[in-house]
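Undergrad: Going line by line, the protein sequences match chains A and B.
Note that my numbering has the first sequence beginning at 1, numbered continuously upward.
Note that my numbering has the second sequence beginning at 1, numbered continuously upward.
Read the hints as simulated data drawn from the structure, not as lab findings.
Among the hints, erroneous ones may be present.
Per the computed footprint, the stretches of chain A lying under chain B, defined by three or more beta-carbons under 8 angstroms from a beta-carbon of chain B, are [said to hold, decoys possible]:
1. 22–28
2. 88–98
3. 102–109
All C-beta atoms, glycine included, are put in the ideal place defined by N, C-alpha and C.
Here is how the chains run, residue by residue.
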Amino acid sequence: MSRAKLKGLGIDLPTFPTSTVGSFPKPDYLVEARAKFAKAKIERKELEELERRATAFWIKTQEEIGLDVLVDGEMYRGDMVAYFSELMPGFEQSGLVRSYGNRYYHKPIIVGEVQWPGPMTIGWWRYAQGLTKRPVKGMLTGPYTVMDWSFNEYYPDRRSACLALARAIRREVEVLVEAGAKIIQIDEPALSVRPEELPFAIEAMHLVTDGLPAYFIIHACYGAFDAIYSQMLKLPVDNLDLAISHSTLNLMEMFRRDPFTKDLSLGVLDVHSHEVEAPETVRARIEKGLKLLPKELIWIDPDCGLKTRTVEEARGKLVNMLAAVKVLRAESGVN
Amino acid sequence: MELLLANHGSYPRIGDSPGQQRLRRAYAQHERGEITSKEFDAIQTSMIQEIVQEQAEAGLDLVTDGQIRWYDPISHFAGRLDGIKINGLLRFFDTNFYIRQPVVADQVLWKGPVLVEEYRSAQAVSPKPVKVVVTGPYTLARFSILESSRYRDLPEIVAAYTDALTKEVEALAAAGATLIQIDEPSILQHPGDAGLVKAALSRIASRKGRARLLLATYFGDAAPLYESLQAFPVDALGFDFTYSRDLADLIARRGSDKAIAFGLIDGRNTRMDRTEEILLILQRALPKVKGSPSYLTSSCGLEYLPRDKAQLKLKRMAAVRAELAGRG
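Please build the complete structure, drawing on both the sequences and the hints.
TA: Laid out in C-alpha cells, this is it:
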C-alpha cells in the first residue's frame, strides 16, 4: 500500500529499501570548529562552510555505500531538541540540569506561545538534495518529544504544549513538501515514556501530517513498545521505524495479536556498540523480521542515529548492512 | 495539625554561577587524577554545607544532603553491597536522567553502613534536622539485572535488598536519624506487587528503632493504591500530586490514618506553583489526616530542575505554609 504511495510520489525503491536514522558522526575538523565557535573564536560563516563540507562528505559516502534513501547527516545540529527550540520563538534556555554522572545540559523552557520562525531545515535539505539524485529525507523532531524534553511554563498542560508545537512543526513540513521533499521522517524517541499520553501524541501527529503529499516515517527509538504497540498503529504515518537489533520483545506475538498495517523499518544495526556487525549477523536480524512481515513492507536501517560512532565504525556497519541486503535481494530474485 | 516543610531528597549539585560549578570542575579533575579523593570529598562536603544552608534559609524544617555524593538513586546504595556489579546507563522512569544499572552477580551482602557517615557529616553542618533518604528494595530490584543463579525471581532479589536495607536502617536509627524516607517509585508502575513491598517494609520497620519511616511514591498516580498503602507499616506516606487528578479529592474524602508528605510543589517543571491551588488542597485534606506531623514537599527530588528554580520552589513552600497559618 505504501509502496504505491511512494510510486505516486515518483519514487521507485528496490525491495528492502535501505536508509539511516538521521545523524552521522561529525568529522574531527567539524568537532573542533564547533568548539571554537562556542568560544567565539571563529565566525558562523566559517563554521557553516565546514558543515557544508561534512554534509557533502556524507552524501558522497552514502552513495558509495549504496544506500537508497539518504539523509543530510545533521552536521549542523548539536541536540535534536535544542536545534529547534533555539530557533523557535516561545523558548528560553534553563540553567544547567544534570543528565547523568558529571554531564549537564541546558533544558529548553517554553515561556510563551511557540511559533514557527520560518524555514529551519529547508536550506540544509536543499543543499543535500542538490548533491544527489537519490531521495534525501526531510528530518524533524516531533512535537511530543520537543514537549517532553522541555519545561513548560506557558501552556496549561502537556497536551496543549504538544499540540501547539505540532501546529508549528506542520509549517516546517509544509515548506519541506513545497521544496520537493517526498519522504519525511519525524523523530519521536520520547513517544513511549508515558503510554497514557499516546492519544494526544497521535492527535499531534495528525496535525503534523494530515493531507500532506509525502511518505511519512516515524522513528521511535527504544522503549516500552509492548505497552503501546497496538495504539502506535493509529499514528498517521506510513512507516514505523523500530529498534529490533537487540530487542527482547516478542514482536511475533504482538503482530499476531494486532496485525501490522504499515511499512516497517527494521533497525538492524546496534548503534551503541563499537562492533561492526558481520553481514551474517545483520542478515539473521533481517530474517527475524521476514518471519513477521512480507518483504514488500520492510525497510532496513540502523536502530538509531550513528552520531556516537566514529566515521569508520559508521561506514563499516553500513557497508555490512548493504552486503546483507544484497544477498537477500539476490535470493528473493530482485535487484 | 502540624505541617513541616521538608526537602524531598535530591537537590541540584551545581548552579550557573562559577562558584556553584566547583563540584563539576572537581569531578572532572578527580576523574583525571588531578586531585585526590580526599580533596574531592572536601569539595562535596562544602557543597552539601552550601545547599543545607540554602534549604534552611528558605525556611525548611527538614533538610537533606541533596544526595550530592550519589551517582544516582539506584547504583549508590546497590553498588556498595557485596555481590552487585554496576552496568551501563538506563533511563530513570520518564525523566531525561540516567542511572547505572546494578547486576546481581552473586550473593547480595551488606558490608557495613553506606549512609551513616553521609548522614552524620550533613547533620554536623546543618542548622536543621537532616532527613535521610534511601531507595527501597523493590525499586532497587526493579532496576537490577539478575545474573546469579542464587536468586530465581524478582521477589528473591527484593528479599536480598531488604536484608541489606534493614541493617542500614537499623544503623541509621542508632546514629540518631529521626526521619528515614524510603523511596519506592516503582510500586506505582506495578501496583500488583504492593504485597511484596508491604512485606519488605515490615521487615525494615522492625529495626527502625525510634526513627519515623516515610514511604515516598512518585512518578505515577498513587490514587489506585491509596487504600492498600494505608495498611503499610510506615509512619507517613509520600505522594506526587502532579500525576494524579483524584488524589487530593480522595484524601479529602477518605482521610488518612497516617501522616502524609504532600508532594504538591512540582519537582519536574520550572513553572512556579500557584499558592492558591496548593492551599485549597491542604485546607481540605489536612483536617482529615490523623498522623502528625505531615509534610509539605516537592513531588520528587529537585535535581530535575536548575538550581535557581529549585531554590525558588523551596521558598514557595515556605510562602504556602505562611499563608496557611495566616488563614488559621
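Undergrad: Now tell me, hint by hint, if it's right for this structure.
TA: Results of checking the hints against the structure:
| no. | hint | verdict |
| --- | --- | --- |
| 1 | 22–28 | violated (count 0) |
| 2 | 88–98 | holds (count 5) |
| 3 | 102–109 | holds (count 4) |
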